[in-house]
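Produce the entire structure from the sequences given, and follow the hints as far as they go.
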Amino acid sequence: METLTDEKIKELKIIANDIRKSIIEMLCEAGSGHTAGSLGMADIFTLLYFHILKHDPKNPLWINRDRLVLSNGHICPVLYATMAHAGYFPKEELKTLRKFGSRLQGHPHREFMPWVETSSGPLGEGLSQAVGMAITEKIYGGYKTIYALLSDGEHDEGNTWEAIMLAGKEKLSNLIVIVDRNNIQIDGNTERVMPLGDLKDKYKEFGWFAQEVDGHNFWEINNAIYKAKNNKGVPSVIIAHTIPGKGIKEWENDYRWHGKAPNKEEAKMALEELNKLHA
Amino acid sequence: MLNQNLKLNTKIFNDDPEKISTRQGFGEGLLKAGGDDENIVVLCADLTESTKANMFAEKFPERFIQVGVAEQNLASVASGMAAMGKIPFITSYAMFNPGRNWEQIRTTICYNNQSVKIIGSHSGLSVGPDGGSHQMLEDIALTRVLPNMVVISPCDAIEAKKATIICAKTKDPTYIRLARNNTPIITTAETPFEIGKAQIIFVPEVGLAHVGIIATGPILYKAIMAGRELEKKGIKVKVMNLSTIKPLDKNAVIVLAKETKNIVTVEDHQIAGGMGSAVAECLGEFYPTKIEFVGIKNQFGQSGTPDELEKHYEIDISNIIEKVQKVLKRKI
Numbered sequence: 001m002e003t004l005t006d007e008k009i010k011e012l013k014i015i016a017n018d019i020r021k022s023i024i025e026m027l028c029e030a031g032s033g034h035t036a037g038s039l040g041m042a043d044i045f046t047l048l049y050f051h052i053l054k055h056d057p058k059n060p061l062w063i064n065r066d067r068l069v070l071s072n073g074h075i076c077p078v079l080y081a082t083m084a085h086a087g088y089f090p091k092e093e094l095k096t097l098r099k100f101g102s103r104l105q106g107h108p109h110r111e112f113m114p115w116v117e118t119s120s121g122p123l124g125e126g127l128s129q130a131v132g133m134a135i136t137e138k139i140y141g142g143y144k145t146i147y148a149l150l151s152d153g154e155h156d157e158g159n160t161w162e163a164i165m166l167a168g169k170e171k172l173s174n175l176i177v178i179v180d181r182n183n184i185q186i187d188g189n190t191e192r193v194m195p196l197g198d199l200k201d202k203y204k205e206f207g208w209f210a211q212e213v214d215g216h217n218f219w220e221i222n223n224a225i226y227k228a229k230n231n232k233g234v235p236s237v238i239i240a241h242t243i244p245g246k247g248i249k250e251w252e253n254d255y256r257w258h259g260k261a262p263n264k265e266e267a268k269m270a271l272e273e274l275n276k277l278h279a
Numbered sequence: 001m002l003n004q005n006l007k008l009n010t011k012i013f014n015d016d017p018e019k020i021s022t023r024q025g026f027g028e029g030l031l032k033a034g035g036d037d038e039n040i041v042v043l044c045a046d047l048t049e050s051t052k053a054n055m056f057a058e059k060f061p062e063r064f065i066q067v068g069v070a071e072q073n074l075a076s077v078a079s080g081m082a083a084m085g086k087i088p089f090i091t092s093y094a095m096f097n098p099g100r101n102w103e104q105i106r107t108t109i110c111y112n113n114q115s116v117k118i119i120g121s122h123s124g125l126s127v128g129p130d131g132g133s134h135q136m137l138e139d140i141a142l143t144r145v146l147p148n149m150v151v152i153s154p155c156d157a158i159e160a161k162k163a164t165i166i167c168a169k170t171k172d173p174t175y176i177r178l179a180r181n182n183t184p185i186i187t188t189a190e191t192p193f194e195i196g197k198a199q200i201i202f203v204p205e206v207g208l209a210h211v212g213i214i215a216t217g218p219i220l221y222k223a224i225m226a227g228r229e230l231e232k233k234g235i236k237v238k239v240m241n242l243s244t245i246k247p248l249d250k251n252a253v254i255v256l257a258k259e260t261k262n263i264v265t266v267e268d269h270q271i272a273g274g275m276g277s278a279v280a281e282c283l284g285e286f287y288p289t290k291i292e293f294v295g296i297k298n299q300f301g302q303s304g305t306p307d308e309l310e311k312h313y314e315i316d317i318s319n320i321i322e323k324v325q326k327v328l329k330r331k332i
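From first to last, the protein sequence lines are chains U and D.
Going by the numbering used here, the final residue of the first sequence carries number 279, and the count climbs one at a time with no gaps.
Going by the numbering used here, the final residue of the second sequence carries number 332, and the count climbs one at a time with no gaps.
The set of hints was computed from the structure by calculation and includes no laboratory data.
Glycine included, C-beta positions come from ideal geometry on N, C-alpha and C.
Warning: the hint list may mix true and false statements.
Cross-link-like lysine to aspartate or glutamate pairs, in silico, EDC-like; alpha carbons within 16 Å at most [said to hold, decoys possible]:
1) U:K169 <-> D:E281
2) U:K144 <-> U:D56
3) U:K138 <-> D:D16
4) D:K171 <-> U:E25
5) U:K169 <-> D:D46
6) U:K138 <-> D:E62
7) U:K171 <-> D:E62
8) D:K250 <-> D:E281
Some chain U residues well away from chain D (every beta-carbon gap over 10 Å; in silico) [what the hints assert, rightly or not]:
9) R98
10) S102
11) E205
The calculated label-pair distances, taken between Cβ atoms and stated as ranges, are [what the hints assert, rightly or not]:
12) U:G158 <-> D:E285: 57 to 67 Å
13) U:P60 <-> D:K326: 57 to 67 Å
14) U:K54 <-> D:S303: 33 to 43 Å
Given below as structure tokens:
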């Protein structure tokens with residue numbers, strides 16, 4: 001894993017901004033989908049796909065690739081956009097999101113797009129699948145790192161905690177979880193819907209190495225992943241504080257953008273705002 | 001009489017035939033499969049001995065994962081292991097696996113089309129004294145409705161062992177339905193077994209059969225006993241072992257219906273959605289036939305000995321005989 005230079009960070013910021021533009025364009029074209037979480041996770045996806053992951057977009061099923069499991073599949077616009085920008089498939093295909101026959105299903109489905117590691121959407125199951133991958137690597141002596149991306153809201157699911165317990169018990173040091181701590185879920189603020197409290201402390205109680213970062217600070221996230229990879233003997237979680245709707249001031253932190261797509265006018269406004277950033 | 005071609009257990013008509021549980025057959029099959037293929041891994045949710053996964057766990061501890069009482073995690077962790085090329089067997093009671101974790105099985109195993117083998121022990125009324133909360137009567141319905149899933153309900157320990165060994169070599173998500181109690185050994189090591197193939201176990205001494213009885217699971221024994229009683233009454237029957245419920249051996253079911261024009265299905269499961277329903281769906285579409293169902297009639301079970309419960313819920317030998325007589329009397 002390379003260290004992050006200022007120049008690299010600058011480059012990543014431009015890519016993340018381009019990915020955000022793609023997210024808005026594809027959601028507007030689809031007419032439905034999840035905007036806030038997709039925009040909020042754009043920086044983390046950019047860092048992972050353009051700096052962290054061992055992967056090969058030209059050979060997507062390369063056997064020794066790291067595995068990235070997206071548990072909260074509803075933010076797949078950011079996954080698809082990042083994959084397209086990384087070279088997995090043409091960017092034009094992003095316009096097929098949620099359309100009949102598209103590889104880009106409304107929630108990821110491996111049968112349509114075999115380059116996603118898991119089909120996902122129903123919450124609370126992704127960490128278990130990542131734990132299964134990490135256990136397999138441990139039993140059979142592999143060297144891959146397993147990344148799992150979770151939402152904060154899906155910590156309401158008992159299944160998530162079952163997986164947290166098992167990862168702690170099995171001491172899966174090849175497992176790195178990034179929690180999108182954006183404090184919103186469909187019905188509103190996470191602390192009002194179902195208080196999650198201090199997730200970092202909770203993970204620690206289950207035997208994890210837990211860190212907190214600003215989910216839009218490339219240097220901080222990179223540093224946390226570096227520490228996680230060098231922390232032997234226990235699984236790692238990075239609680240990433242993100243801003244839902246990040247990049248579009250009017251939408252930031254507004255839970256109403258969780259599950260809706262911008263119309264043409266809104267998309268135009270948003271794209272203009274993003275175009276100003278790295279013009 | 002027994003179908004001579006299948007090399008069945010000729011001592012089945014003894015007063016006290018040899019009895020072994022299907023879960024025991026599974027445990028032995030798993031041990032064999034695990035020795036043959038190091039990609040086989042086994043996960044259990046705190047019921048290692050009850051599900052007979054203990055034999056594998058003792059021999060291959062490095063490939064055994066104890067997940068605790070957490071069946072949703074059991075299923076989805078296995079999906080992740082299958083995604084890495086392994087063949088996981090997940091074991092618990094049928095009530096919890098596939099009962100508790102049905103959506104995880106749907107999404108992470110079937111929708112992902114991962115080769116996970118779901119083992120549900122202690123199915124049916126035969127669990128007895130544990131009572132209705134533990135008597136899984138809905139698992140065939142829950143699993144056969146899922147795309148990509150194969151559903152097998154072995155009739156005895158030997159067939160359970162074969163099903164386990166063979167399904168370990170397939171890519172399909174598979175459910176194997178097991179029972180707790182020791183039940184009669186019907187087949188032998190030489191009896192052929194193929195996933196998706198039904199077998200006619202019992203045939204008339206001479207001539208064509210008047211009624212086709214189709215049974216699944218250890219209750220097949222009762223169907224055979226009913227067949228023998230009916231023969232004494234002059235009613236000729238064929239008894240089919242439908243151990244693979246999905247994919248259904250449609251051809252075999254239709255051939256039996258064409259010969260007999262009368263079908264009785266027998267299962268230790270709810271009538272709604274069970275094996276009989278699968279047979280009815282097939283015949284309704286391809287060869288409409290009179291059918292009577294022996295199974296649980298929209299009820300939960302309760303505590304009691306298996307014998308008491310089978311009488312009370314009317315899935316005993318006498319009930320099979322009554323249904324055969326009833327279907328023969330029906331005009332349509």
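Verification of the hints:
no. : hint                          : in the structure
1   : U:K169 <-> D:E281             : violated, 47 Å
2   : U:K144 <-> U:D56              : holds, 14 Å
3   : U:K138 <-> D:D16              : violated, 49 Å
4   : D:K171 <-> U:E25              : violated, 39 Å
5   : U:K169 <-> D:D46              : holds, 15 Å
6   : U:K138 <-> D:E62              : holds, 10 Å
7   : U:K171 <-> D:E62              : holds, 14 Å
8   : D:K250 <-> D:E281             : holds, 10 Å
9   : R98                           : holds, 17 Å
10  : S102                          : holds, 17 Å
11  : E205                          : holds, 16 Å
12  : U:G158 <-> D:E285: 57 to 67 Å : violated, 41 Å
13  : U:P60 <-> D:K326: 57 to 67 Å  : holds, 60 Å
14  : U:K54 <-> D:S303: 33 to 43 Å  : violated, 57 Å
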